[in-house]
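Number of protein chains: 2
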Amino acid sequence: MTNVTRPFNFSAGPAMLPKPVLEQALAEMINWHSSGMAVMEMSHRSPEFKLIAEQAQRNLRDVLAIPDNYKVLFLQGGASTQFSMIPMNLLRGSKEADYFNTGMWSKKAIAEAKRYCKVNIPVDSTDNKFTTVAEIDNLNPNAAYVHYTPNETIHGLEFHNIPEVGDVPLVADMSSTLLSRPIDISKYGLIYAGAQKNIGSAGLTLVIIREDLVGHAMPNTPTMLNYKTHVDSDSMYNTPPTYSWYIAGLVFKWIKNTGGLIEMGKRNKRKADILYATIDNSEFYNNPVAPAYRSWMNVPFILKNPELDKIFLTEAKEASLLTLSGHRSIGGMRASIYNAMPEEGVQALIDFMIDFEKRKG
Amino acid sequence: MTNVTRPFNFSAGPAMLPKPVLEQALAEMINWHSSGMAVMEMSHRSPEFKLIAEQAQRNLRDVLAIPDNYKVLFLQGGASTQFSMIPMNLLRGSKEADYFNTGMWSKKAIAEAKRYCKVNIPVDSTDNKFTTVAEIDNLNPNAAYVHYTPNETIHGLEFHNIPEVGDVPLVADMSSTLLSRPIDISKYGLIYAGAQKNIGSAGLTLVIIREDLVGHAMPNTPTMLNYKTHVDSDSMYNTPPTYSWYIAGLVFKWIKNTGGLIEMGKRNKRKADILYATIDNSEFYNNPVAPAYRSWMNVPFILKNPELDKIFLTEAKEASLLTLSGHRSIGGMRASIYNAMPEEGVQALIDFMIDFEKRKG
Numbered sequence: 490m491t492n493v494t495r496p497f498n499f500s501a502g503p504a505m506l507p508k509p510v511l512e513q514a515l516a517e518m519i520n521w522h523s524s525g526m527a528v529m530e531m532s533h534r535s536p537e538f539k540l541i542a543e544q545a546q547r548n549l550r551d552v553l554a555i556p557d558n559y560k561v562l563f564l565q566g567g568a569s570t571q572f573s574m575i576p577m578n579l580l581r582g583s584k585e586a587d588y589f590n591t592g593m594w595s596k597k598a599i600a601e602a603k604r605y606c607k608v609n610i611p612v613d614s615t616d617n618k619f620t621t622v623a624e625i626d627n628l629n630p631n632a633a634y635v636h637y638t639p640n641e642t643i644h645g646l647e648f649h650n651i652p653e654v655g656d657v658p659l660v661a662d663m664s665s666t667l668l669s670r671p672i673d674i675s676k677y678g679l680i681y682a683g684a685q686k687n688i689g690s691a692g693l694t695l696v697i698i699r700e701d702l703v704g705h706a707m708p709n710t711p712t713m714l715n716y717k718t719h720v721d722s723d724s725m726y727n728t729p730p731t732y733s734w735y736i737a738g739l740v741f742k743w744i745k746n747t748g749g750l751i752e753m754g755k756r757n758k759r760k761a762d763i764l765y766a767t768i769d770n771s772e773f774y775n776n777p778v779a780p781a782y783r784s785w786m787n788v789p790f791i792l793k794n795p796e797l798d799k800i801f802l803t804e805a806k807e808a809s810l811l812t813l814s815g816h817r818s819i820g821g822m823r824a825s826i827y828n829a830m831p832e833e834g835v836q837a838l839i840d841f842m843i844d845f846e847k848r849k850g
Numbered sequence: 490m491t492n493v494t495r496p497f498n499f500s501a502g503p504a505m506l507p508k509p510v511l512e513q514a515l516a517e518m519i520n521w522h523s524s525g526m527a528v529m530e531m532s533h534r535s536p537e538f539k540l541i542a543e544q545a546q547r548n549l550r551d552v553l554a555i556p557d558n559y560k561v562l563f564l565q566g567g568a569s570t571q572f573s574m575i576p577m578n579l580l581r582g583s584k585e586a587d588y589f590n591t592g593m594w595s596k597k598a599i600a601e602a603k604r605y606c607k608v609n610i611p612v613d614s615t616d617n618k619f620t621t622v623a624e625i626d627n628l629n630p631n632a633a634y635v636h637y638t639p640n641e642t643i644h645g646l647e648f649h650n651i652p653e654v655g656d657v658p659l660v661a662d663m664s665s666t667l668l669s670r671p672i673d674i675s676k677y678g679l680i681y682a683g684a685q686k687n688i689g690s691a692g693l694t695l696v697i698i699r700e701d702l703v704g705h706a707m708p709n710t711p712t713m714l715n716y717k718t719h720v721d722s723d724s725m726y727n728t729p730p731t732y733s734w735y736i737a738g739l740v741f742k743w744i745k746n747t748g749g750l751i752e753m754g755k756r757n758k759r760k761a762d763i764l765y766a767t768i769d770n771s772e773f774y775n776n777p778v779a780p781a782y783r784s785w786m787n788v789p790f791i792l793k794n795p796e797l798d799k800i801f802l803t804e805a806k807e808a809s810l811l812t813l814s815g816h817r818s819i820g821g822m823r824a825s826i827y828n829a830m831p832e833e834g835v836q837a838l839i840d841f842m843i844d845f846e847k848r849k850g
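Chains G and V, in that order, give the protein sequences.
Just so we're aligned, residue 490 is where the first sequence starts under this note's numbering, counting upward by one.
Just so we're aligned, residue 490 is where the second sequence starts under this note's numbering, counting upward by one.
Hint data in this document are derived by calculation from the structure and do not stem from the laboratory.
Check each hint, because a few of them may be wrong.
Since the list can't tell identical chains apart, any single copy or any two copies may satisfy a pair.
[Stated by the list, open to error] Derived PhoX-like pairs (lysine-lysine); straight-line CA-CA distance at most 20 Å:
(1) Lys596 / Lys793
(2) Lys793 / Lys618
(3) Lys597 / Lys717
(4) Lys676 / Lys597
(5) Lys508 / Lys742
(6) Lys539 / Lys806
(7) Lys793 / Lys676
(8) Lys745 / Lys603
(9) Lys799 / Lys849
(10) Lys745 / Lys607
(11) Lys584 / Lys596
(12) Lys755 / Lys799
Next comes chain G alone, as it looks inside the complex (with noise of 0.2 Å):
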């Protein structure tokens, strides 16, 4: 496989993994270190796994520096089932929660917390169209928590510093964010995120809780959906998804090897700046979000003329530029720029665009 040139996969999830990772992933695959087995083929008690699974946890708690009085979970049911295990376990007796809205996942987890508790909305990005964050204005002093999407991936958006919020628990649904920078997690009470963009294959989800926010769930929260069965068992309470741990793995031990989270910063940063550059230096393309809260994770652009929509995919596809439609929602395009794309890929992706531009602009 290193031989072989690979395309650039701009997805915004499930993402581009790492080249290292899965090299490693294709060379264990038949038989892990000499185990006769498959990742996949290990009882989750064996002791094969349960090293996978210890060394994979730890390596997470040394790049993300997770305070020892937080728990970390590897869970399924993505971050839609966060939606409700949130409310279900976080409101502990009150009946008011507030809520950020600043985007689609914004809004899907403010649906479902609505079935389980009053929301209040301190910040909403509706009337701006989702391309900027207005002053907290009307925190609720009795809100259980403080929940918001750090990353919206459908507009782009994305929150550069930890809103302050007092001692309420902020709750983050960092799917689209997490380790694609240092993180300060002693700010937060809960962080939660599916796995299928930095962090490794579909079907994990990764929460990380503060411990005094366990044990609070409602009397009829089904088991599964209790936080407290997943810290009592160390997520072994049930079959966890194996092969979906081992990769995550994988992914945690190469952000290590690669200079940790402040160089994947770094590399974001450079990979954003960049591509918005191209953006705002052309009259052919449009990205329209302050730039403030652009994200470093997700770029969506317009073309100025929508006809061309169907040939710059056509032609982007063709140079080996993948998957750059815009979501269904917003039309355009969208460059999905994860730990995983190299920054080769973004200034092939530039090149492609300042071409496409002088050819047909």
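Following the hints, put chain V in place on chain G, whose structure we already have.
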């Protein structure tokens, strides 16, 4: 890989995968069908993955002869999540359900159901230590459904006929038996199964549900725990466990190419028959389950002298016979011999057992 001798892995799950499935997964790992992408890197909404998903479902429907009025769902969360989803979705206003208790998995299903309704137990194998199943004599006429576990992995107790329950929907946890032989789907209201035994890799849960049972969830059912959510979106409401779905598709194709469930059933019966015969013909090994209820999939047995357990396991491992330790709750040994366990694997175990008895008996 074709020339490498693989050990035989008797794990209860996650368990062995068919060798041709692992070989195909290996060959396609980095670059699926010249797409330039690994399956793990594909958007679940891409044409490539949609093809994989549809082919998997089509082959499963073929192999199981699933009638058109049944939906097939590819979910996450394991059987343990189904333990909640079933009462939440199938009670349909009723407050009572029937559950057979024939082992540890039955008990787990019952414990979770009791949180949502009154559970009546028409069959209870506790008194006979889960070695047989008594006559069913007191089905509750008001039960919304009847739940049972056709195969119990720990005690090795299996139903070889479908219980007669009249018009009440029959619900079955087939995690450890689905695809091991032909079954008449039309006798069931709902069938569910974790993938990590006969279906594929952990992290995928199959549900086969009769259409009229969809759409009756309790008001507070989390969106992700409502079958309707997944029926309405062809299991793509959120990102599904794409790689596990792909592996399951390879397994379904392998079953089809190997002669389907009739052939699987013949092989599984032969494997079980020779292993139980070895146990019964010996004074050294013992299995206490009534012959009419002995599992084809999980064969627990004890050594007359439990002090030999450790040396049995050590020597078995040296003979490339892995993961034969019995469940921690009952000790002894357990050979799980799902579809992917070749007949020569069972023969190798038998040869080892006979030799061990000669030397130590």
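* **Copy assignment of Lys597 with Lys717, given that the CA separation must stay at most 20 Å** => between (24 Å within a copy, 17 Å between copies)
* Is it within a copy, between copies, both, or neither that the alpha carbon of Lys596 lies no farther than 20 Å from that of Lys793? -> neither (28 Å within a copy, 62 Å between copies)
* To do: Indicate which option fits the pair Lys793, Lys618 if close means a Cα-Cα distance not exceeding 20 Å: within, between, both or neither.
  => within (18 Å within a copy, 74 Å between copies)
* Homo-oligomer pair classification [Lys742, Lys508; C-alpha up to 20 Å] -> Answer is within; shortest intra-copy Cα gap is 13 Å, inter-copy 29 Å.
* To do: At 20 Å max between alpha carbons, let me know whether Lys745 reaches Lys607 within a copy, between copies, both or neither.
  => Classified as neither; 41 Å inside a copy, 52 Å across copies.
* To do: Could you place Lys793 and Lys676 in one of the four classes (within, between, both, neither) given a Cα distance threshold of 20 Å?
  => Classified as neither; 41 Å inside a copy, 58 Å across copies.
* Go through the copies and call it for Lys755 and Lys799: within, between, both or neither, with a Cα cutoff of 20 Å. => neither (33 Å within a copy, 53 Å between copies)
* Asked: Is it within, between, both or neither when you check Lys539 against Lys806 at 20 Å Cα-Cα?
  -> Result: close only across copies, 19 Å inter versus 41 Å intra.
* **Up to 20 Å CA-CA - Lys603 versus Lys745, copy category** => neither (39 Å within a copy, 46 Å between copies)
* To do: Using 20 Å as the alpha carbon limit, work out where Lys584 and Lys596 are close: within a copy, between copies, both or neither.
  => Classified as within; 19 Å inside a copy, 34 Å across copies.
* Can you give me the call for Lys799 and Lys849, within, between, both or neither, at a CA distance of at most 20 Å? => Within one copy only: 13 Å inside, 74 Å across.
* To do: At 20 Å max between alpha carbons, let me know whether Lys676 reaches Lys597 within a copy, between copies, both or neither.
  => Answer is neither; intra-copy 24 Å and inter-copy 38 Å both fail.
Violated hints, in rising order: 1, 4, 7, 8, 10 and 12; the structure is consistent with all others.
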